[in-house]
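Novice: Below, each chain spelled out in residue letters.
Number of protein chains: 2
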Amino acid sequence: MLDLFRELFDKEELLSGRFGIEREALRINRDGKLAVTNHPEVFGDKLLNPYITTDFSESQVELITPALKTTKETYDFINALYDITALEIGDEYLWPQSMPCDIPEDEHIPIAKYSDCGECKKAREYREKLFKKYGGKKQLISGIHYNFSFDDILFKKLYAYQKPSMGYKLFKDSLYLKVVRNYLRYRWLLIYLTGAAPIIHSSYTKTCTKGLIPIKGDSFSNEGAISYRNGECGYKNHTDLFPDYASVESYVKSIEDFVKENTIQSHKELYTQIRPKAKDNKDLLNSITEDGIQYIEIRSIDINPFEKGGISLDDLDFIHIFMLYLLLKEETNYKEWQQDALFNQKLISKGGMENVCLIKDGEETTKREWALNILDEVKNMSEVLCLDRESLIEKMRQKVLDSKQTYAYQMAERAKEEGYLPAHIRLAKEYRQSAYHNRYKLEGYEHLELSTQILMKEAIKTGIQVEVLDPLDNFIALRKRDKVEYVKQATKTSKDSYITMLIMENKTVTKKVLEEHDVCVPKGIELSIKENIRTAALKYENTPIVVKPKSTNFGTGISIFPNGAPKEDIERALEIGFKHDNTVLIEEFAQGKEYRFLVIGDEVAGILHRVPANVEGDAIHTIAELVEAKNKDPLRGKGYKTPLEKIQLDTSSELFLKQKGMDFNTIPKALEIVYLRENSNISTGGDSIDYTDSIPSKFKQIAVKAAKAAGAKFCGVDMMLEDYKNEESSYSIIEINFNPAIHIHCFPYKGTERNIAQNVLKVLELI
Amino acid sequence: MLDLFRELFDKEELLSGRFGIEREALRINRDGKLAVTNHPEVFGDKLLNPYITTDFSESQVELITPALKTTKETYDFINALYDITALEIGDEYLWPQSMPCDIPEDEHIPIAKYSDCGECKKAREYREKLFKKYGGKKQLISGIHYNFSFDDILFKKLYAYQKPSMGYKLFKDSLYLKVVRNYLRYRWLLIYLTGAAPIIHSSYTKTCTKGLIPIKGDSFSNEGAISYRNGECGYKNHTDLFPDYASVESYVKSIEDFVKENTIQSHKELYTQIRPKAKDNKDLLNSITEDGIQYIEIRSIDINPFEKGGISLDDLDFIHIFMLYLLLKEETNYKEWQQDALFNQKLISKGGMENVCLIKDGEETTKREWALNILDEVKNMSEVLCLDRESLIEKMRQKVLDSKQTYAYQMAERAKEEGYLPAHIRLAKEYRQSAYHNRYKLEGYEHLELSTQILMKEAIKTGIQVEVLDPLDNFIALRKRDKVEYVKQATKTSKDSYITMLIMENKTVTKKVLEEHDVCVPKGIELSIKENIRTAALKYENTPIVVKPKSTNFGTGISIFPNGAPKEDIERALEIGFKHDNTVLIEEFAQGKEYRFLVIGDEVAGILHRVPANVEGDAIHTIAELVEAKNKDPLRGKGYKTPLEKIQLDTSSELFLKQKGMDFNTIPKALEIVYLRENSNISTGGDSIDYTDSIPSKFKQIAVKAAKAAGAKFCGVDMMLEDYKNEESSYSIIEINFNPAIHIHCFPYKGTERNIAQNVLKVLELI
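Those sequence lines, one after another, are chains F and U. Under the working numbering, the final residue of the first sequence carries the number 832; numbering is consecutive throughout. Under the working numbering, the final residue of the second sequence carries the number 832; numbering is consecutive throughout.
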């Protein structure tokens, strides 16, 4: 089989697949007690949000990634979901452990609440029945579900090569079932490697803590425990159930029998360590019979308390190649070892830290021997198939050789030192802090523009499905039920018309349209023929003017003469302008400061003023030191990955300071503001300052009027205001920008952070 | 005054103003008889179409230009209106003469018909009253009205300089009234220079032809006649009326008196040779009192039969500087010569061809002497003010010196030779032919793209107001009542959303969106990193593919390998692609031929197939000769000014022929099609062939479905079809173009010309 695979497939094919993670987490208060507040409304309808919902309890958040193409994407996505959730639960935290926190007695455990619809009622009733049958406390155990499918190319090529007599669907089912059976046999190893629940809190079911050693007063364990979740005290059926995994048919039959015998209510109540999954999992038995197995769900993995998202990238990767190993590994008759496998699971869960004796094909063997044997085979596979995963496998080998490297051991040590609750709360706080630091971005999507990341993040939060159609273009699709909205660069949408954008793009036309709607714009002339340069320059000599190319959008090619200029300079400015466009405008310089009014829909969502890179003196530090200190703000980064850019002390700022008789070593006076360059672009270290609440509504109305004149739902109206506080101040609209960034308003240097993405989603009628 | 003007103004200021022309024309049958058919419906509501309407009679078309900035624009516009009208009146022609054609007796002259609205009824009643009062025949006389205003800068500067005690409005009024008075005094000269109605047809009022000399049996004249329209038999009030032009107040008062005395119904019935005009001319007397004189209307100008539009550019220019002369010329008391001026007008009209004696300030003087005297003064003004109009003035001088150069003389000569009706019909036919040759363009707007010219032309036809906002961008505004639609490049409108255009612009996204809607697209891969080049090239070696940059729109950077290619060539093609975009697509080559489906709204407005430049052999001529012959098609031009481009015999076609063992001197066999290059671009002489009616509706539906998937109202769907006639043929959509040209469908090389502009206007809800 290994040789065949080597021949048939390349590394890329072998390693491609789909990965999805579900991760549960209890919400807790500051003191580690279960939070009995409601699931935050911002996440919308629990039954509709595909990313953030609840599981059994109202206090038990469930985070679900979509099926993604790589483990890295999945890893990032689950972390991003964590970030989003952690910042929406007020002063609560997410419990970073599979076994529960400090929980109340059953009558105080809140079952997940639903509204009154048919499906909602069913969801509630189902949970109530489970509550009665298993008790509330067990239901609070949380875990990782790892969903995985191989790339179809694997099965197809294999089918084409082997030409079996059975149909393709049955062939694929048989391979997935082989993986399932082998998984069941070897699951103990994964539990050993990923188990991280070696302690039970004293508030948990008393029968479980009985006979265990107390830890720091509030919790219990036994020597050698790896995962209470996967042991006797974990969440499992009352009777040990052994479905028939010989074929999909027999699998379905055995589940139907369990239900008939009333052992379980439905297939959903069969708490096996791995599940074959169907296209339509609500109607699993029919769907899996009809269309075959679509993917498998691994359910043995504990929450890794040392990972924000609950699972490490290494573990995601190892489980992935472990699946490949299970696909290749020859089987022995599973019926003979199915009970032994359960025995092994429980033994490892309760005492796996020691080199326990497991039962392998009826014979005893030590955990270490068997584990090393399996890992050697996995390593061999990796080598033969050129999977390049040897170092990862070596890490797992080390964990086998030294059980102190297990998560279980390390977590137990922390709990012994700090106490069960405090040790976990400390981690939860760290993760929450990390979520806050990440607030301006969407983990895993840092290759997109910040505005797009922010919009996607808000969409995910409210349960709108996001899909990146073209990352280079920041082109995404947002889906909610049957509705699809395509969005490019966060604000280019279906809500603006093509001509609206073209009006804004063309400064001549913009001015004509605004003038027609009685909106003030700077007066000026338009030059399309180079020959006019001289006359025009002469005409505007010593007049405060702005010279700008007609159609550029990023301030390039613009010259500003607030105090007028000699005609030679104007000629020069015109020449520069003509490098960017065939038409150049000369406009009267509008007095005052420039404010960016971000219009979204019919309202101004934010107003921003930009100031050039600067530092504020303290009479102690040099300019260079002040810059260094200012650059420590986590919102400042390099290369547009953060809302603000670090200030660069370059030649241009050196020259600028020199004109004022300063250099980088000058020590400015206390409270003295020293500017470091002329231009106020954020990209050169400028500051963004929010003025949304301080500018009179009159000017907001004018901005909206200007946007409406062009027909725009999304735009940045750049307005000059002589005195922003004064309603009577003169104004002039110098540009309407059809591609306004939103991130600068969301995360300004000074002032309120604004949830612009919400406004965008509202205008798109998605929320 | 002259010196003051020289000091205050530059040439540009002196020559700037607004110009508008109204031109009436009778519709005639092939035999020169008045056409009594209805005004064509295509021109819409007569009261709403600002460009093409009727005057007194249903058979009397009135063409009206907007107020334009230059005489040239006005000249072009009136010609364009002629072109539009001439092609919409079936086999009728436009009578190119002020005095009527062969007209019936009054009872058969159709008064302009209107629908039933209030304003419409008034319009009809007004005409009925005139009919009773003046008879139908006189009402059929047609002419030119020349509307003119000086640039306000002239009055403003003068006002600022002279600081008169009166207000600015009165000051401006006084200057306009000076022009009006001087005009009245010197109008005889303009009548002499532009008069062109020296003959009366026998069907005209008998009292007018009595005593005249018969010409070729069907018409009459007297020796020396210049303009019967401006003479006793022209259209004038029953009584000679002399309003008081001293001030606006007295002018208004005198008209009110005429009305009170029942001499005329309203100000509209005062048929003076010049009229001061108001902002709101319907309510002239109030409006002119309120806001002052806005412009003046010169009414002495005959239709120039030698000009399609009815007036020559020279005359437009001369009248313009003549206005300036009248503004500058010192006055004598007009009340003293007002009657003499009328005498002079009538004398010149009836006998101006001779050197008649006119009355100047009570003294007799010859036409020639006075005329030369005036022209010398005009010339002097031109020189002093550097207007650079001396050669134009010289032309007028020559006309004075030699009356054979007058239009009147020349027209009379033609009529004597060919007959009154045939001579005019011949001219009308010529103009109609010219209109047909111009059908693909809008005269005066040749600097715009053909698609935009065609759209504007159709808009003007139906009475939609057009305004060019930015010629470089082909950005126009279309207005109808309160509705404005902005359009760029004929198909970029408010009807498409911004994101729709962005979807179409991005080939990756287009494909994803089309696939999601079950529309067939070529399969392929997307390369964003240059490093992938080798692997990709290897993968697609010898496979029929197309390599194209993701976002370009004009076929640039595309390589096509219909029969596959070695990997080196594919690498080369990828490198070329990466020069145009960071992402390049490799797609399976779709078999068949490419068809452009132009989708407008919910339907396919045209289907076009392009073939490379080619000639069809006749076994006689060489390729070079065949190309020359083919290039004679008036639809072929150079530099995209025509729907098709001339075929160029360049090195590239030489090499192409060489590969087939031919050169430019080869004589192809009869009916042999010889292609001259590979690519089928129209820009390199390719042929466009209309297939709209030959392709099964199934494919049209697919094109519409594709457009709808992207949300597009205007787009070009490029579809590959193996066999265009066969419904079962496989298809593949290779691109959706968001900026489809319409002119290629309007004027294909072969096949039906399609009125695409009409579809565009319909989707814009303007018609």
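These are calculated hints, taken from the structure and not from any lab test. Treat the hints with care, as some may be off.
A pair holds if it fits inside one copy or across any two, identical chains being indistinguishable in the list.
What the hints assert, rightly or not - In silico lysine to aspartate or glutamate, DMTMM-like type, Cα no more than 25 Å apart, as pairs: (1) 494 <-> 453; (2) 186 <-> 532; (3) 773 <-> 830; (4) 827 <-> 106; (5) 76 <-> 96; (6) 444 <-> 77; (7) 658 <-> 305; (8) 481 <-> 606; (9) 604 <-> 68; (10) 548 <-> 583; (11) 658 <-> 793; (12) 827 <-> 752.
Novice: It remains to establish, for every hint, whether it holds in the given structure.
Specialist: So, going through the hints one by one against the coordinates:
Proximity of residue 494 and residue 453 under a CA criterion of 25 Å is satisfied in neither setting, with 36 Å inside one chain copy and 85 Å between copies. For a Cα distance limit of 25 Å, the shortest separation of residue 186 from residue 532 qualifies neither inside one copy, at 31 Å, nor across copies, at 62 Å. For a Cα distance limit of 25 Å, the shortest separation of residue 773 from residue 830 qualifies both inside one copy, at 19 Å, and across copies, at 20 Å. For a Cα distance limit of 25 Å, the shortest separation of residue 827 from residue 106 inside one copy, 16 Å, qualifies, whereas the shortest one across copies, 47 Å, does not.
In this assembly of identical chains, the alpha carbons of residue 76 and residue 96 never lie at most 25 Å apart, being 49 Å within a copy and 87 Å across copies at closest. Taking the closest pair of Cα atoms, residue 444 and residue 77 come within 25 Å of each other only inside a single copy of the chain (18 Å); across copies the shortest separation is 87 Å, beyond that limit. Taking the shortest alpha-carbon separations for residue 658 and residue 305, neither the intra-copy value of 74 Å nor the inter-copy value of 66 Å comes in at or below 25 Å. In this assembly of identical chains, residue 481 and residue 606 lie within 25 Å of each other by CA distance neither inside one copy nor across copies; the values are 80 Å within and 64 Å between.
Taking the shortest Cα distances, residue 604 and residue 68 sit within 25 Å of each other only across copies (23 Å), while inside one copy they are farther apart (83 Å). When the C-alpha separation of residue 548 and residue 583 is checked against a cutoff of 25 Å, the pair qualifies only between copies, where the shortest distance is 17 Å, while the shortest distance within a copy is 38 Å. When the C-alpha separation of residue 658 and residue 793 is checked against a cutoff of 25 Å, the pair qualifies only within one copy, where the shortest distance is 15 Å, while the shortest distance between copies is 65 Å. Taking the closest pair of Cα atoms, residue 827 and residue 752 never come within 25 Å of each other, the shortest separation being 28 Å inside a single copy and 50 Å across copies.
Hint compliance for this structure: hints 1, 2, 5, 7, 8 and 12 are not met, and every other hint is.
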